[in-house]
Each structure stands twice: as C-alpha cells, then as structure tokens.
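2 protein chains.
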Amino acid sequence: MPVPAMKESDVDVLVIGAGPAGLMCAQGLARAGVNVRIVDKRPGKVAAGQADGIQPRTIEVLQVGICSYGLAERLLKEGNQMHMAAFYDPSPEGGIHRTGRTPDINAPTARFPFEVTLHQGAIESIFLDCLRSMGHEVERPVVPESLEISDNRDALKDPQARAVKVVLKHVDAPEGKDTEVVHAKYVVGADGAHSWVRKQLGFAMEGEQTGTAPASLSDGPADYVWGVVDMIPDTDFPDIRNRCAIHSNNGSCMVIPREGDVVRLYIQLTDEDVRDVTTGRVDTQKCSAEKLLEVAKKSFHPYRIKAKGDILWWTIYIIGQRVASKFSAHERVFIAGDACHTHSPKAGQGMNASMNDTHNLIWKLTHVLRGWADISLLKTYELERRKYAQDLIAFDKEFASLFSKKPKSEENPDGVTQEEFVEAFRTFGGFTSGIGIHYAPSTIVDAAHQASASKLIIGQRVLPQTVIRAADARPYELQDLLPADTRFKLLVFTGDIGAPEQKRKVDELAKHLERKESFLGRFGEQKNDVFDVFAVCLSRKEDVVYTDVPEVFRPHWSKVLLDDVDTTGKVGAGVYEKFGIGSEGAIVVVRPDGYVGIVAPLDDVSVLESYFAGFFAKS
Amino acid sequence: MPVPAMKESDVDVLVIGAGPAGLMCAQGLARAGVNVRIVDKRPGKVAAGQADGIQPRTIEVLQVGICSYGLAERLLKEGNQMHMAAFYDPSPEGGIHRTGRTPDINAPTARFPFEVTLHQGAIESIFLDCLRSMGHEVERPVVPESLEISDNRDALKDPQARAVKVVLKHVDAPEGKDTEVVHAKYVVGADGAHSWVRKQLGFAMEGEQTGTAPASLSDGPADYVWGVVDMIPDTDFPDIRNRCAIHSNNGSCMVIPREGDVVRLYIQLTDEDVRDVTTGRVDTQKCSAEKLLEVAKKSFHPYRIKAKGDILWWTIYIIGQRVASKFSAHERVFIAGDACHTHSPKAGQGMNASMNDTHNLIWKLTHVLRGWADISLLKTYELERRKYAQDLIAFDKEFASLFSKKPKSEENPDGVTQEEFVEAFRTFGGFTSGIGIHYAPSTIVDAAHQASASKLIIGQRVLPQTVIRAADARPYELQDLLPADTRFKLLVFTGDIGAPEQKRKVDELAKHLERKESFLGRFGEQKNDVFDVFAVCLSRKEDVVYTDVPEVFRPHWSKVLLDDVDTTGKVGAGVYEKFGIGSEGAIVVVRPDGYVGIVAPLDDVSVLESYFAGFFAKS
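Going down the list, the protein sequences come from chains V and Z. Just so we're aligned: the first sequence equals residues 1 to 619 in the UniProt record's numbering. Just so we're aligned: the second sequence equals residues 1 to 619 in the UniProt record's numbering.
Next up, chain V with everything else stripped away, as it sits in the complex (with noise of 0.2 Å):
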C-alpha cells in the first residue's frame, strides 16, 4: 500500500495548551483578525478545581478586552467577590479567635477593590464561548509530537517566514490520518508546568522544586505540603465568606470563598499526616479528602466545620518555585503561564500571571505581523514577563513561608505573630493585586519625560479615572475607552484651547500629525486601525464646543473628553490632576495592553517620532 501523504498546513500563529494562557493568547490574536490555532492534548476543559483567584488588575484588562460580551462583565456575573480578609490566632481558651479583619486588597487605585474567585472551568468557558462566538473552536485532544525552528538565517529575519515547524497527533483522527504537519510563523507554548514546548527548547526551570501534586510530591520539608478542598460548608463559623488566614497551635488553615456557596480551603499538613514513616517520602495514599477534612476540624475549634454533600475537589500539594531560564526562542516560539513558572496557590498568582503573559504578547504579534512593526518588538515579551515572574517568585517565597510558620509563642518563640502577618499581607498588597506591575524601560518604555504627566508612571497600567465627553456629557471610565484592540492609544491632552497660546500649541501638533511623514500620517488610512487618538480638553461641558478641536484629534464625535465632573456632578473630574499634568497639556500613549508607553510634552513631538521609530519597520 502507497503510505498516504502527510496533511501540511500553513497558520501564522499556533497556540499549544488551552488552559487560561493558551485561551487568553488565541482570543486576542482571532479578535484581531489574526490567522491562528489552538490545540490542546486534554480532550475537555477542567471540569472542577484548580486555580480559581481573579486579581483586582486581571479584572481591568478582561474588562478592556473586547468580544462580544465583556469578557469581565461575565467574570464578575459568576464569580464570587473576596471584599475582606480575617485572621483567626490561637485563643487563650483553646481553639481559635478573631483578631482582626482588614480589606483583601491593598491598592488604592484599584478599579476594582476586590479579588474575584471561580472556578478554572468557568474561566475558561468564558474564553471558549468567545471564541466560539468569533467561529473559533479548541481543537483537541491533539499532542505535539515534534518542534523545529528554521536555522535559515535569512527566514528567522523575515517576520512573514513560516520558520516553525510543528508536527502534531490528532489522537481521535483514524490511524494514517490522525498527524499534521503546520507551518507556523510563530508558536506559544502554554502547555502547563510540564511544558512539553518547554522541554523542545531545552530551557531549564530555575529555583527550588515544583509542587504540581500529586506526581511529583517526594520530599521537602513537611511543614510546606498542603491539602486543598473545595466543597460547600456547613458552618457556624462568621468568616467563612471572608478570606481567612487561620493560624491554630494544630496548624495553619486558608479559608477562600467561591462562587455560589462553594468554598475552598487550603490546609496545612504535617508528618504525621502526609509521610510514610519508613521510607520518609511524602505518600499521596497516606490522605484523602476526609483526613483533610478531619484536620481542618481541629483548626477551626471551637467552630464547627463539615461539607454540606460531597467534597466537590481535593488534593494535595508541596510549595515550589520556579522560573524559566528563558521565554524565548528566536523571537518565534514563546512559552507562557505555568510554562514559565510556577508558584504557590495560595497567593491566588497563576492563573493571572499566566494571562497576563499572553496579553503582553498578542499585540506583539499582531502588530508584527501586519507589518507595522519590526520582529524585534518581540524582545520585549521576554524582558518584560520573565522580570515578573521573578519578582513574582520572590515575593511568594517571602509569602508562603509566612504561612507555613506556627503562631509565635513560648513554645515557638521563631513563629510568627499576627501583627508581623496582618503587616505582611498589607505591604504585598500591589503584588497581589497585580496592580503593581512595572515594565522597566525599553524600546516600547520610555521614561524620559515622566516630569510632563508625573503621577501617570511610565511602564505602569493607566490609572482608572472618570472622564466627561464632550459631545453629549456622558462619563465615561477612561479604561473602558482604551480597549485591547491592538491599537495604541494617543491622548493628547490639549490643556484649555479657549487660551490662544494653548491653541497654538494643539494647531502645531495637528499640523504635524496631519503630515504624511510623521508617525500617525505615515499610516495613510490605516491611521485609526494603528491608533485611537482622543483628546482631552480642560473646559466645562456646559460651554465646551467640541467642534473646536482639530479633526485630526477627532476622528468621530466621540473622541473629545473633558477634565469635568457629570450633570450630577457625582463623578469625573481631576484627570489633569491624577495623572500630574499641568495646564499646559501633555501627549500619552497607552500600548495597546493598557500600560503607558511614553509621555511627552505638548509641544515636542520629536520626542514621539523617535519613540515610535525605535519598533515601528522602516517604512
């Protein structure tokens, strides 16, 4: 019998792995009308567990990101809100007692003051119902079974070059049938912490060891293996809807609420509970999840504590952290989320660690790709996500072992107090929050002129803020103007144009941007899928006349906003004096993932050209 051929097949983008990096990355890329793939070896979604915390700046940019439902609204319908943390310590009468409650999020300029928690599955069915609604499926289960990266020189150098070679397994197709080899232009890996992507590359993963339980628990100190129970509670304790750090003389317990009346706990276990006494491993056989149950009971004494039905998830898990020695690949296969590093759960990290990932990379991708900008753009995915996901390490080390410890008390004079861990959990508020992330400069960061909008930190996310529009005085959030639609966001700050010298100033940079050799007019009528220009004017709606703005800077009627409060004058007003701009204006720009790019003054456009220049191709 002849051996049939090979199906082959071209993409410009192949995503590996559908869990929340994966399905965040192909969203972004087919919303942006990019030709992509995603395959996964799993031949469902995950049904029930794992991660399940969504952080306050996760929620922004699933806000900002467009289909045709808001992907946050949805989160935020079926979620649960984590408002308040609570700490219980040993009570002098045996048991535990309250000693205090304090906000979960500690940052201030959250839009959203809170965690949202939900189940993995529900996360990512809201990516897979946009995908659907975009004629996108997940095709699955499929397994990579080689990867080969072009060592032609001249095709790594030609962003169009289908430099990568993927041979995958349809393990459901008929035998003959079931491989397939793609051409892609570029591959994310998002495979999960046994990264299969990650082992073609060779990249090796940094630090201590890794936790995914049950197959890789071993050894380690025991004080760090956890359990994890998910269930709905029948209780008389008064926090169990409030995030809960429980610290007991017979361990240390976490309480997180879940959607509906679910909740998660995570527990602490010990030797006795976890280890097998003549071999000295960690035996999974030795748990189950009624122990876990049995020794969260006697955490929570003199509260009663039982699951209403059946235990809806278990396991059981040792504290690790890693990061990738690379995340990178010639700028043409990328790994992301759990691929790259991986953490404790208990800080609520991965999940929004992972895609946040990919949101940093699809507009990458997409504006390489549409050649508006040179393949180096790509450097940066690896520059600016690989320093998270170290800051985020270390920061979790410091967290999980503050949990881990025992109170502090004559028997345990190195344990640790509650006011050490309220403190704790204070000071790590912008990490848990995300809120905090800060892109260190680069040919996309440029801090130069932060002196022109001082409180609007440069490689920060924008700041929320209420702003009026001037055409019908409706507020708006600014978020909510700046989607993650792939373009870069120009504000110009026009300062007050009712003043001639101020007028002068917006007319020359007009006169500029209208040229077709600057960096929006070389664009010709592509200009508005490249940029979103608004401007933002110091006048009051009641006399603002909006048609006064140049065209160039209104594009549509809509474009034009104010430094004003509403009709109630409940909301807006005080953009100039958040982000610490002056009178006389100033010109942001905003990536299309949300973060400022650059500042610069009214009047020195040069300082844009050069910006843009810098990773914009020759053109």
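The set of hints was computed from the structure by calculation and includes no laboratory data. Mixed in with the good hints, there may be bad ones.
When chains are identical, the list treats them as one kind, so a pair holds in a single copy or across two.
As the list claims (entries may be wrong) - BS3-like mimics (lysine-lysine), calculated; alpha carbons at most 30 Å apart, straight line:
hint : residue 1 : residue 2
1    : K570      : K455
2    : K570      : K77
3    : K308      : K511
4    : K559      : K308
5    : K527      : K77
6    : K308      : K516
7    : K157      : K618
8    : K308      : K527
On a predicted model such as this, the values are computed, not experimentally measured, just so you know.
On the provided structure of chain V, position chain Z as indicated by the hints.
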C-alpha cells in the same frame, strides 16, 4: 363534509398585543411561572422609528427585571444616553444661538441620571429574546375576533375560573384550522392606541383628539402638527449629541440623539407645510421626509444639517392627550399602554408609561393566580395606573404647549421666554424621569406609620442606596437585592443588636414571625417564595457577627446587610439616615414592583398583620 371542531384551549393569562406593554407583561408572567400566551396581529416586530425614550425610573425597573441577562444591562449596552439638554434661541445676528445647557434629568434620587434612547424594535428584541430563553414566542399574525366575559357571578368571584372567552384567528393557518377558542382566566389588552380590546369593552377615550399619525390626522390647530425624522446627520451643530430645544423664528425643533450616530428630529410644522388650503384639513400627501428636513434646516441656521445616507424613518403627528374611562372590566380583562392613554411623543413618556402599567399588573395577577392574594387585589391596578395616566396627560399638555409656542419677542408678546422654558423643563424633572410616581393609599399602600421611616415615602419606589453585605463586606445597590421576582421584600432594620434592649425587640419580632399564625409563618415551607427577608443592621463590617441575627431573618448567609462603607471607604453607609430610620429600627415592606407598601415600628408587628390581612386570601 363535516365541519371540523373548532380548536379550544385553556390559558391562565392571554396577552393581546406584543408592543412594549404586552411584552413586558408576558415576560414577567412567564418568569413567574404563570401559564401565559401572547399574540399579535403584526407579522413581525417594529423595524424602525416609533417610540425611543427610556426614563430613569424605567431603567431601574428593567434593572431588577430578572432574566438570564439583565434587561437594563442590554438596554444600557445598546442604547444612547442623554445626560445634557441644550437650549437655542433666536440670535440677534439672525439664526439661532445657544443660551444654555442644563442636565437632561432633574431627579436627585435617580439611580441612572440620564435617559436612554434606542429605537422601539431594539427594545422589543430585548424582551423577545428574554421570552425565547424561557421557551416562549409571540404568536403572530393572530387577530382576535371576539371577546366575552362570563356573566356568571360565581365564576367572576372565583379567581381560578376561566371566565373570559376569546376567539383568535391565526392568519397564516390553513382555512378551517385558523380559528381557536381560548378560555382564559385573565386577558390583558395591550393592543395600542386603536385597541380592539378597549372597543370590545366599550371604554371611551376621554380628552382631546389623539394623534396617531398619519391615519387620524385631520384638523386641529396647525401649531400642534409635528414631523419626526430619524437619520444619521452630517452637521456642524455642536449640540447634536445632546437633547436640544430649539426655538427659532422659523419654528421649533427638538433634537434627540440616539444609538450609534442616529439622531431624531422633532420638527414643528406650519399650515403652509401640511394643510390643504381648500379643505382646511391636514394633508399627509403634502409632506415628505425631504420636506421635513427642509423645514428643519431653516430652524438650524446658521448651522448646517443634512442626512448622511438615507432617512431611516419619518412620520407626522398631531399632539393630543386622552385617557380611557376604565382600565379594567370585572378585574378579568385589563387594558394597558397606548390602549388606555395617548399623549405627545416629545416628552418621551409613552413607552415608559406602557411598560410600567404591566409592571404594576404582573405581580398582582401572579399572587391571585397562586391563590395567595384575594382577587380584589386586582382593583388596585386601575386605581394606581389610571391616576398616573391622568397626571401624565396634565403634564404633557403643559409641556407640549410650551414647546409649540413661538419665542417671545416684540411681534410675539405671548410667546415663551427661554427662562420660562428652562424653568419648566427643570420643574417637570420628577415627571419626565418617572421617579416621582406616587401611588395613593389603598389596601396595598398604607402610610399610617410614615414616621418610622420618615424619608422613605410610602407609595413611591424604594430609594437607591448602597449597603454592605455582612458576611463578606461586598457592597450592593439595595435595589438590586430587591428584584421583580413577585416576592414581597421584608426589610427588618434591626438597629444595633449589640444593644440588649434592641436585641430583645428583634428577638421578639423573630419569635412572632416564626409562629404559624403570622403573615409569614402561615405560608409554611412556601414562605420564602412569598417573602424575601433581609436584616439591615447598624453594625461595622469589621466586627459584625452575622450569625448573631435571628435565623428567621437570614434564610441564607447573604441576607444580612449593614449600614456601613465598603472596604475602600468610598461607597455605602447612610441607609438609616437616607430612609429617615432612627436607631430604634423599623420594618419596611417593599412591594414586588419596588414600591414601598408600608412601614411599621419594629415593635408593632400588628400593623403588618392588618396590612397583609387586607389583601391576602383567607387561609
């Protein structure tokens, strides 16, 4: 050939007419699980034009409408928001100039301080999709042929009797199979200004001539003939996205910005424009969309305005206001919407009054059909809604007249000044917003103990206010916790239950309500279907122990609320003060439609017992 037997069927409620009033009715009843059908003579929904304004109160009502998605959510997503009104007057230089801008809505307690504008077809779609998600469809084209109410007095007294016989003709069904006899317990006629149901009942329309154009256009003062045009404008007029009242020496004009870039113009017409000089009658043939725009252009001078592309819809009408003599026949057949009141479109009242008619009726029908309430409850529909319609008509006359008058000048000493107009616009705020609706005392509105919650006006809708949920410190808009789910809401303002005297009062109330004879206890297992109970405590989120509240007030952990700020300190707190409730507490009963039914002192439950005895069925 034998004559085929006519199809006969039973239904609890038959709704005739699938405009906004009928659709609101059908979706509310369907959601409540009532056996309902809805028929309409038109083959499809409205495609363009017609009504388009949704008032702040109607948004609140849709917000608490329960469906798989929020009704208001989609309205807010698809519709335009009008926040600002602008006024133009004749300019000394000729043409018009702006004399001022003022908030479009003047209703300080409005939760949504704006009107939403969206064409009627889109609004109908929201309801149609909601019905569809529950497995319901509008049956169309279906024409009612006869309606007969039983004259059997026993049947009329029995709320479960099918006392109404309606013959329907299914226009598209094959001959011989197109006629159906429906035996209904109740019928709602929501079949428009020319209501067939109203005519069957013989109810007269009282008041001046009505203005459903173009059929009924005949005579009347020409000042009151107006044209309407929907289009996407090409204009340099700087208030094109605000509601504008333009008084020019060439006639009046009103601008209503709509969804997307659409704008509606209301254009005052003159004798010359519309009247046949020989007959003296209004002649629709004299008019066209182009002619209407020509008239508008004169009013807009010196600004230019024309249509971008085609005119989307247009009509002409004569202002007229009428109210039906009765809204109900034997509490078996009701009329709602345009079937019982017509008025000028410019104040944007029509669709709002219509939807609020059936919003008032849904829960009453449901309670009677479930056997919970006495059939006499249905008498309150006409009582409450006819009074409202009369007030509306009185307002509308004044408003429309003001709008049709010429600007005051030397030649027009009887004209209206801009100051008078703006002042009237502000004064009417409570009416145009829909917020001012105030139902008179009746079996379901008992204002005797108003002093216990002095600022929460009995008979008005419950005020919006942020409260904090005790179990998890999550802020909620109180209105959102009181959905239109046909349940009475019992808000127990407990005061500070840390105070022993207060705790004693609360415990006694709890003890009473747990008794089988109480208005709550008599429903046994069903009590949480009839009532939704909340405790609102004067406690701080940092130290409240929600499990201290008696169990009858918290059937679920989510039912205990606090008068406190949220974790950011920015929202919440003040519900006791806003409602005028002292630290001694009170009980507030909110009707299923969101209106305050009664307020009682915390220690006088007898007041509530009499209230519910007044309309609950004897058990």
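Results for each hint:
no., hint, verdict
1, K570 - K455, "both (23 Å within a copy, 21 Å between copies)"
2, K570 - K77, "both (26 Å within a copy, 22 Å between copies)"
3, K308 - K511, "between (69 Å within a copy, 27 Å between copies)"
4, K559 - K308, "between (53 Å within a copy, 20 Å between copies)"
5, K527 - K77, "between (36 Å within a copy, 27 Å between copies)"
6, K308 - K516, "between (68 Å within a copy, 28 Å between copies)"
7, K157 - K618, "within (14 Å within a copy, 85 Å between copies)"
8, K308 - K527, "between (58 Å within a copy, 23 Å between copies)"
Comparing the model with each numbered hint stated earlier shows that all of them hold.
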